[in-house]
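Participant: Sequence:
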Amino acid sequence: MRNIFSTKKGFTLIELLVVIAIIGLLSTLAVVALSSAREKARDAKRVADIKQVQTALELYYNDQEAYPAGTALALGALTDCTTACDTLSSTNGIAATAAGTTYMGLIPGDPSATAECTGTSTAVCDYSYTGVGTPVTQYEILLFLEGTTGSLTVGLNCASEAGIVSGATCAH
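Mapping the sequence shown onto our numbering, position 29 (from 1) lands on 29, and the numbers just tick up by one.
Please note that a few of the clues may not be correct.
[What the hints assert, rightly or not] Here are the in silico distance ranges between beta carbons for each label pair:
no.: 1; residue 1: T122; residue 2: L17; range: 41 to 51 angstroms
no.: 2; residue 1: V18; residue 2: P111; range: 32 to 42 angstroms
no.: 3; residue 1: G167; residue 2: I20; range: 28 to 38 angstroms
Calculated directly from the structure, the hints in this document are not laboratory data.
Quick caveat, the model's predicted, so the values are computed rather than measured.
Glycine included, C-beta positions come from ideal geometry on N, C-alpha and C.
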């Protein structure tokens with residue numbers, strides 16, 4: 001007579017390997033999807049940051065009849081200005097400290113930059129502001145996107161008083 005309690009129950013080695021392979025594949029897909037979502041979130045923040053800066057610059061222009069002076073100022077970064085180019089005010093323009101009417105108390109910096117944007121940047125970089133003309137009646141802000149966002153492309157894009165356009169060359 002056969003003992004029903006002595007039969008071995010469990011998973012075979014092949015079944016376990018298949019389950020482990022499926023779990024590995026699913027976790028890889030999840031990591032890739034999460035990375036893409038983070039990239040899109042950083043790009044959306046970059047575009048929103050620049051639009052906020054543009055609004056503050058237009059308020060400044062309406063009061064001062066010119067945009068702030070400056071060449072290749074790394075916005076929100078600890079370079080170029082005395083300690084940081086992170087405020088916009090009537091007396092100091094874009095500077096480390098605000099004086100007079102404050103148009104933007106804290107200018108945002110790029111969410112993941114390590115260097116300042118230049119016309120030839122090929123990686124994520126801090127927003128770079130340049131006032132154009134004497135008096136300054138135009139401006140250019142360079143920003144770097146990691147992916148396509150609306151009509152803006154991967155790489156350098158330029159914001160000016162006329163809007164944001166793809167490429168390192170601004171439209172005025």
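Participant: Look at each hint and say if it fits the structure.
Facilitator: Checked hints:
Look at T122 against L17: about 43 angstroms separates their beta carbons, and that is inside 41 to 51 angstroms. Separated by about 41 angstroms at the C-beta atoms, V18 and P111 satisfy the suggested range of 32 to 42 angstroms. As the Cβ distance of G167 to I20 is approximately 47 angstroms, the hint placing it in 28 to 38 angstroms is violated.
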